[in-house]
Structures are given as structure tokens and as C-alpha cells.
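K.L.:
This is what each chain is made of:
There are 2 protein chains.
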Amino acid sequence: MFWVIIGVSAAILTTFSFVPQIARSLRTKSVKDVSPITLFQLSTGVFLWIIYGIYLKDAIIITANFVTFITLAIVLFLYFKYRKFTAK
Amino acid sequence: MFWVIIGVSAAILTTFSFVPQIARSLRTKSVKDVSPITLFQLSTGVFLWIIYGIYLKDAIIITANFVTFITLAIVLFLYFKYRKFTAK
Chain A
0 MFWVIIGVSA
10 AILTTFSFVP
20 QIARSLRTKS
30 VKDVSPITLF
40 QLSTGVFLWI
50 IYGIYLKDAI
60 IITANFVTFI
70 TLAIVLFLYF
80 KYRKFTAK
Chain B
0 MFWVIIGVSA
10 AILTTFSFVP
20 QIARSLRTKS
30 VKDVSPITLF
40 QLSTGVFLWI
50 IYGIYLKDAI
60 IITANFVTFI
70 TLAIVLFLYF
80 KYRKFTAK
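These protein sequence lines are chains A and B, in that order. Read in numbering that gives the first Met the number 0, the first sequence has 9 at position 10, and its numbers run on one by one without any break. Read in numbering that gives the first Met the number 0, the second sequence has 9 at position 10, and its numbers run on one by one without any break.
What the hints contain is simulated information worked out from the structure, not anything from laboratory work. Take the hints with a grain of salt, since some may be wrong.
[Said to hold, decoys possible] Subject to a maximum C-alpha distance of 20 angstroms in a straight line, what follows is the list of computed SDA-like cross-link-like pairs (lysine to any residue): (1) A/K83 / B/S29; (2) B/K56 / A/I5; (3) B/K31 / A/Y78; (4) A/K31 / B/L77; (5) B/K31 / A/L77; (6) A/K31 / B/P35; (7) A/K56 / B/M0.
[To be verified] To give a feel for the contact side, a few chain B residues facing chain A, derived at Cβ under 7 angstroms: (8) G6; (9) A9; (10) S16; (11) Q20; (12) S29; (13) V30; (14) D32; (15) S34; (16) W48; (17) I50; (18) Y51.
A virtual CB, placed ideally from N, CA and C, is assigned to each residue, including glycine.
Okay, chain A solo, but in the shape it has when bound (with noise of 0.2 angstroms):
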């Protein structure tokens, strides 16, 4: 039970970790200072860790990577939304 709470724990923690990033984007419709490889990457990787937890039959680390990739998917529209209304 206490490592399903760590596992959980982590997997809302991470799968959530890019809203605060989304509320921001958002609220000062600025992402000049976001790294778009870093989004890039991190999808990409994100997306490799579910096909590697599908072979661990791991269903948290499944799940956690697949709602972050989605929110990762959300922040990489926003960046090509607002780039072009951002100042140099």
C-alpha cells in the first residue's frame, strides 16, 4: 500500500506538473523563455516511457506518461499559438 501511494504520488505529481505551466502560458500569452526542444524531447521520451511501461506491464507508469504527454502535446500548442505575439 505505502508504494502505491509513492507510485501514485509521483504519477499525479509529474502527469500534472505542466498545468501550472499551461495556467501561465495562458494567463501572459508570452513563451519566449520556454525551450521548445525541451517540449520537443520531453514528448518524445514521454512517449518512449508508455511503449516501455506497456512492456513492464506497469500500469502507473502507463497512465502518469500518458496525461503528460497529452498536457506536454497542450503547452507545444500554446508555444506556436503565442510565439508569434511575443516581443524579442
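Since chain A is already given, all that's left is putting chain B on it; use the hints.
P.N.:
Frame of chain A; chain B shown alone:
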């Protein structure tokens, strides 16, 4: 062997995913669009993944998240270093 490549690729991509963010922050000396809540939340989550990886006895999960944790600490350091010099 295929699954080792998937796991190692996932580890390398996520491990070094914040290196481009470190490079960008060092170059621009501006961090105002980066969410500090995202950085803190992700650091905590990654730390719990290390603990969970120790439970699973999975060296890839442990190593990848450990190095990610270090790079996130560097981004946080740069965040607090450059925050005061950042334009509103």
C-alpha cells in the same frame, strides 16, 4: 535487446530534456515565461519516481530520474538567479 533500446532511449531523452532549457536560460538570462510551480512540482514527482524505481528494482527508472532531478535543480537555480533581472 529491443526493449533495452526503448528504455534507454526514453531515459536519455527525458534525462537530458531540460538541457536545452538550461542552454536557453543561460543565453537569454530571462526566465519570466517559465513556470516555477511546474519546476518544483516536476522535481518532487521525479524524486518520487526514483523512490518507486528503487522499489521496482529498475535501474533505468532510477538512473534516468536521478539525472533529470539534477538538471531540474540547475533550471531552478537559474530561475532564481535570473528572475530578478527579468523584465516584467
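K.L.:
None of the hints should be skipped; say for each whether it holds.
P.N.:
Results for each hint:
1. A/K83 / B/S29: holds, 18 angstroms
2. B/K56 / A/I5: holds, 14 angstroms
3. B/K31 / A/Y78: Answer holds: B/K31 to A/Y78 is near 14 angstroms, not above 20 angstroms.
4. A/K31 / B/L77: holds, 16 angstroms
5. B/K31 / A/L77: Holds, at roughly 16 angstroms.
6. A/K31 / B/P35: holds, 15 angstroms
7. A/K56 / B/M0: holds, 17 angstroms
8. G6: With a closest approach of 5 angstroms, the B/G6 hint holds.
9. A9: Nearest chain A Cβ about 3 angstroms off; hint holds.
10. S16: Hint holds; B/S16 Cβ to chain A Cβ min 4 angstroms, cut 7 angstroms.
11. Q20: holds, 4 angstroms
12. S29: This interface hint holds because 5 angstroms falls under the 7 angstroms limit.
13. V30: For B/V30, the interface hint holds, since the closest Cβ of chain A sits about 5 angstroms away, which is under 7 angstroms.
14. D32: holds, 4 angstroms
15. S34: With a minimum Cβ separation of about 4 angstroms from chain A (threshold 7 angstroms), the hint on B/S34 holds.
16. W48: With Cβ-Cβ at 5 angstroms, under 7 angstroms, it holds.
17. I50: Holds. Min distance 5 angstroms.
18. Y51: With a closest approach of 5 angstroms, the B/Y51 hint holds.
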